[in-house]
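Undergrad: Use these hints to put chain B onto chain A, whose structure you have.
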Amino acid sequence: MGLEGVMMKILLRALGSLATVFGGALLGQAIFLFLVLSATTLWADEERAAQEAASSTPSAGPVSDVEAGKKIYQKRCIFCHGVEGAGDGPASERLMPKPRDFTMGLFKYRTTTSGKLPTDDDLFKVITHGLPGTGMPKWDDLLTELQRRQVIQYIKTFSKKFERQKGPLEMVTVGTEIPSSKESIEKGRALFMELECFKCHGNEGRGDGPSALELTDDKGDVIRPRNFTKNWFFRGGGEAKDIYMRINTGLDGTPMPSFKDSMDNEKSWHVANFVRSLSPPKHPELNPVIKARKVNEEIPSDPNASAWQEGESNWFPTVGQVIREPRHFTPTVSDVRVKSLYNEKEIGMMVIWDDPSHSQKNEEMATLEDAVAIQFPVELYPGSKKPYFLMGDAKSPVNLWTWKTESNTFTESNANGIDKEVSQPQGGQGVTGSGVYKDGQYKVVMKRLLKTDDPQHDLQVSEGKFIPVAFHVWDGTNGETLTKRAISHWYYVLLAPPIAKTVYVYPSIVAGVVFGIQLLIRKRLRKGEQKTKP
Amino acid sequence: MKRYRLLSVVGLALFVYHSAAWGGSLSGEIKLGGAVPEIKKIVITKDVEVCGKERNSEALILGSGKGIANAVVTVKGVVGKKLEPAAKNMEFVTQKCVFQPHVMLIPVGTAVDVLNQDPITHNVHTYPLENAPFNKAQPKTLPKLTTEKFEVPEVVKVQCDIHKGLMSAWFVVTDNPYTVITDANGKFSVKDLPAGEYEVEIWHELLGKKTQKVSVKGDEKLNVELAGKKG
Chain A
1 MGLEGVMMKI
11 LLRALGSLAT
21 VFGGALLGQA
31 IFLFLVLSAT
41 TLWADEERAA
51 QEAASSTPSA
61 GPVSDVEAGK
71 KIYQKRCIFC
81 HGVEGAGDGP
91 ASERLMPKPR
101 DFTMGLFKYR
111 TTTSGKLPTD
121 DDLFKVITHG
131 LPGTGMPKWD
141 DLLTELQRRQ
151 VIQYIKTFSK
161 KFERQKGPLE
171 MVTVGTEIPS
181 SKESIEKGRA
191 LFMELECFKC
201 HGNEGRGDGP
211 SALELTDDKG
221 DVIRPRNFTK
231 NWFFRGGGEA
241 KDIYMRINTG
251 LDGTPMPSFK
261 DSMDNEKSWH
271 VANFVRSLSP
281 PKHPELNPVI
291 KARKVNEEIP
301 SDPNASAWQE
311 GESNWFPTVG
321 QVIREPRHFT
331 PTVSDVRVKS
341 LYNEKEIGMM
351 VIWDDPSHSQ
361 KNEEMATLED
371 AVAIQFPVEL
381 YPGSKKPYFL
391 MGDAKSPVNL
401 WTWKTESNTF
411 TESNANGIDK
421 EVSQPQGGQG
431 VTGSGVYKDG
441 QYKVVMKRLL
451 KTDDPQHDLQ
461 VSEGKFIPVA
471 FHVWDGTNGE
481 TLTKRAISHW
491 YYVLLAPPIA
501 KTVYVYPSIV
511 AGVVFGIQLL
521 IRKRLRKGEQ
531 KTKP
Chain B
1 MKRYRLLSVV
11 GLALFVYHSA
21 AWGGSLSGEI
31 KLGGAVPEIK
41 KIVITKDVEV
51 CGKERNSEAL
61 ILGSGKGIAN
71 AVVTVKGVVG
81 KKLEPAAKNM
91 EFVTQKCVFQ
101 PHVMLIPVGT
111 AVDVLNQDPI
121 THNVHTYPLE
131 NAPFNKAQPK
141 TLPKLTTEKF
151 EVPEVVKVQC
161 DIHKGLMSAW
171 FVVTDNPYTV
181 ITDANGKFSV
191 KDLPAGEYEV
201 EIWHELLGKK
211 TQKVSVKGDE
221 KLNVELAGKK
231 G
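Chains A and B, in that order, give the protein sequences.
Sequential numbering of the first sequence, starting at 1, is according to this note's numbering.
Sequential numbering of the second sequence, starting at 1, is according to this note's numbering.
For the record, the hints were derived by calculation from the structure and aren't laboratory data.
One or more hints might be untrue.
What follows is a set of in silico ranges between Cβ atoms, one per label pair, in the way DEER data are often shown [said to hold, decoys possible]:
#, chain 1, residue 1, chain 2, residue 2, range
1, B, Asp192, A, Thr367, 53 to 61 Å
2, A, Arg327, B, Gln117, 27 to 35 Å
3, A, Gly479, B, Thr45, 57 to 65 Å
4, B, Asn56, A, Lys166, 53 to 61 Å
5, B, Pro101, A, Asp439, 35 to 43 Å
Chain B side only, calculated, beta carbon under 10 Å to chain A, not exhaustive [said to hold, decoys possible]:
#, residue
6, Ala69
7, Thr126
8, Lys136
9, Gln138
10, Thr141
11, Glu148
12, Ile162
13, Gly165
14, Ser168
BS3-like, lysine-lysine: derived pairs with alpha carbons at most 30 Å apart [said to hold, decoys possible]:
#, chain 1, residue 1, chain 2, residue 2
15, B, Lys149, A, Lys166
16, A, Lys219, B, Lys157
17, A, Lys260, B, Lys140
18, A, Lys260, B, Lys164
19, B, Lys164, B, Lys31
20, A, Lys219, B, Lys96
21, B, Lys157, B, Lys46
22, B, Lys157, B, Lys187
23, A, Lys267, B, Lys164
24, B, Lys96, A, Lys267
25, B, Lys140, A, Lys219
Where is the CB? At the ideal position from N, CA and C, for every residue including glycine.
The shape of chain A in the complex, shown without the other chains:
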């Protein structure tokens, strides 16, 4: 499932809860939906228009029709890439990464060698499939192949380099594939260290190397090294063959250099296989219900304790908070992973997320710290009713458990909206736990008693109930504080008790009784038969 699939799922979930939201909250949610929609450009009417365009009037004229390309550009591309192709359209300020500035003649995703222009097919691939994890959507459904090829001819007029280019471009050729294997991955890992890829991409490939936070692209905009554990965000494709290409071509206009002169075919495959192995085989599925696992021991505060390593985690996407000012369009955190444990007394939640910077609060340097908050409703409502997903509403408060890096302390609070958060008094604070940061990843455990003596402010947790839960994450280095944060939608945590023995007993009794009755009937029938026989 691609990113859009996930987005669609989020949208559907959001739509499902619309019915339960009212007043100003409804407006907020509608804006949120609108923005998510526009980010993925899933416009129903646009699609219809495209189908019409595709079926009735395929652009007349040849591929080289620059005028036709210009018309397409002005209709489809101008909002991000700008009138002059300088990547400065009105939407550009809210995008990270910024739209390509075509006037520079520098292109990241190519099959040509370092410093060379892309081929038409390279550009065609980007336009056709889009660039996952960026504002660049795929256009294969909105533009015909001819239209895509025509717009390429127009894009090439923005830089004189295309005109000057004489003769064929030097290409990176992919040699015989070395299929991924334990051995190849190990060799790749050794090369990853030897070539010092970790300097930017980090020891575990989470984009947290010692040079990671200083990097800028050729325009001076901040750029971050790719996190190799989420290959669905690899712009040029997430499979080994794509990684092979990127290592050899480099990403022109960015700090990513070409390693072609240091590699051969074999080494390229080893590194590509290693990098591919850092991501899961498939995009994680969105399972909205966290099944809390019951344990007999005390819930460990240490996220590295063995009890926390068992079982699968749930994966939830997060997006920038774009409803309340100041809004945040470019959050660092794209998703969180969550596990839950409980026992007779307590519930524990572990949140895991990637962040390339371990941000420290420093008033002098005006730096901010990282933080995470877990959000529950204060009370469970009948049906699917929940407080407004963004920290509750006037009538339905939420209960928040927050952890901050700097103080390594936990606070419990209540909110009736994003700007109406009130910390609970000293005596009411019941959340404990522990947070660790290693190799670009946070793991934070928070736990609290299932039942407290303050049901007015604290969620009372019991087994067998679908308890709504949502997540908020802040990356201080990315300027995230207060409303500027990554948020998730509501999901659920379910304390699923181990299956009781009665589950097996009653069906057996019923089965026994039924069998007995059948025997009885059989006996009666036989008797009847005997009687009727002469």
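TA: This is chain B only, laid out in the frame that chain A set:
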């Protein structure tokens, strides 16, 4: 006195040599105007065993008497003569996380050999507007990298992104034979100038550009002050 006599003899010789064009030379000093700013120290946090722990910024190097090193002096508007491509590739050396030289003249049509003498990986990333862009990794296993030929006159920034803020340099691509770089004390000398009225352009990476008119009849002197940036 003896020295002056020698100079005048040399000067006379040069005068005779250039008698046909009634030309001469232009020499002098580029100085910093105003107060000397505090030289920035760069605290190094990565690869300290190779790069060291601390270093002065290379963006502004002052010699004796506030002379500015690494300023580029170009006499513009001389008709006729163009700089030939160099006979062999220019050499650009990486040593202890320093690009050397910090400012390098590259005749149009010449390529550059980048020699990494460090036991760590660097990347050599150029920021041209007109020339072919270059960004290649140079691990210790690859002691020599070669760029493409630089074909268009322009000033190109060079940077190692892995050691950003520490490793940068400038390629001055030119076809003008009357282009020189000031020495450690800000002194420069442009020789073999035909007589005429010219514009002299002074460029420095931090202090920007300044132009001045000169009239060359013989051996001329030119001292220019570049204003320090405020703050």
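Undergrad: If a hint holds in the structure, say so; if it doesn't, say that too.
TA: Structure-based check of all given hints:
1. Separated by about 56 Å at the C-beta atoms, Asp192 of chain B and Thr367 of chain A satisfy the suggested range of 53 to 61 Å.
2. At roughly 50 Å, the beta-carbon separation of Arg327 of chain A and Gln117 of chain B lies outside the given 27 to 35 Å, and the hint is violated.
3. The hint said 57 to 65 Å for the Cβ distance between Gly479 of chain A and Thr45 of chain B, and at roughly 22 Å that hint is violated.
4. The hinted window of 53 to 61 Å between Asn56 of chain B and Lys166 of chain A is violated, with their beta carbons roughly 45 Å apart.
5. Taking 35 to 43 Å as the suggested C-beta distance range, the pair Pro101 of chain B and Asp439 of chain A conforms, at roughly 39 Å.
6. Contact between Ala69 of chain B and chain A, as hinted, is not supported at the beta carbon level, the nearest pair being about 26 Å apart and thus beyond 10 Å.
7. A hinted interface residue such as Thr126 of chain B counts as satisfied when its beta carbon comes closer than 10 Å to some beta carbon of chain A; here the least separation is about 9 Å, so the hint holds.
8. Evaluation of the Lys136 of chain B hint against chain A yields a held restraint, the C-beta minimum of about 5 Å falling below 10 Å.
9. Because the beta carbon of Gln138 of chain B sits about 8 Å from the nearest beta carbon in chain A, less than 10 Å, this interface hint is met.
10. With a cut of 10 Å, the hint placing Thr141 of chain B at the interface with chain A holds, because the nearest CB-to-CB distance is about 6 Å.
11. Look at Glu148 of chain B: its Cβ gets to within about 7 Å of chain A, closer than 10 Å, so that hint holds up.
12. Restraint check, Ile162 of chain B versus chain A: the minimum CB separation of about 5 Å is within 10 Å; hint holds.
13. Look at Gly165 of chain B: its Cβ gets to within about 6 Å of chain A, closer than 10 Å, so that hint holds up.
14. Contact between Ser168 of chain B and chain A, as hinted, is not supported at the beta carbon level, the nearest pair being about 12 Å apart and thus beyond 10 Å.
15. For the suggested pair Lys149 of chain B and Lys166 of chain A, the alpha carbons sit about 15 Å apart, so the restraint of at most 30 Å is met.
16. Our distance criterion of 30 Å between C-alpha atoms is met by Lys219 of chain A and Lys157 of chain B, whose separation comes to about 13 Å.
17. A threshold of 30 Å between alpha carbons decides the hint, and for Lys260 of chain A with Lys140 of chain B the separation of about 14 Å falls inside it, so the pair holds.
18. Distance check on the hinted pair: Lys260 of chain A and Lys164 of chain B sit about 22 Å apart at the alpha-carbon level, within 30 Å; holds.
19. Distance restraint check for Lys164 of chain B and Lys31 of chain B: the Cα-Cα separation of roughly 28 Å lies within the 30 Å cut-off, and the hinted pair is therefore satisfied.
20. Distance restraint check for Lys219 of chain A and Lys96 of chain B: the Cα-Cα separation of roughly 28 Å lies within the 30 Å cut-off, and the hinted pair is therefore satisfied.
21. Between Lys157 of chain B and Lys46 of chain B the CA atoms are separated by roughly 22 Å; this keeps the pair inside 30 Å, and the hint holds.
22. As the CA atoms of Lys157 of chain B and Lys187 of chain B are separated by approximately 23 Å, the hinted pair is consistent with the 30 Å bound.
23. A threshold of 30 Å between alpha carbons decides the hint, and for Lys267 of chain A with Lys164 of chain B the separation of about 27 Å falls inside it, so the pair holds.
24. A C-alpha spacing of about 28 Å is found between Lys96 of chain B and Lys267 of chain A, which places the hinted pair at or below 30 Å, so the restraint holds.
25. Distance hint between Lys140 of chain B and Lys219 of chain A is fulfilled; the C-alpha atoms sit about 29 Å from each other, no more than 30 Å.
In this structure, the hints that do not hold are numbers 2, 3, 4, 6, 14, in rising order.
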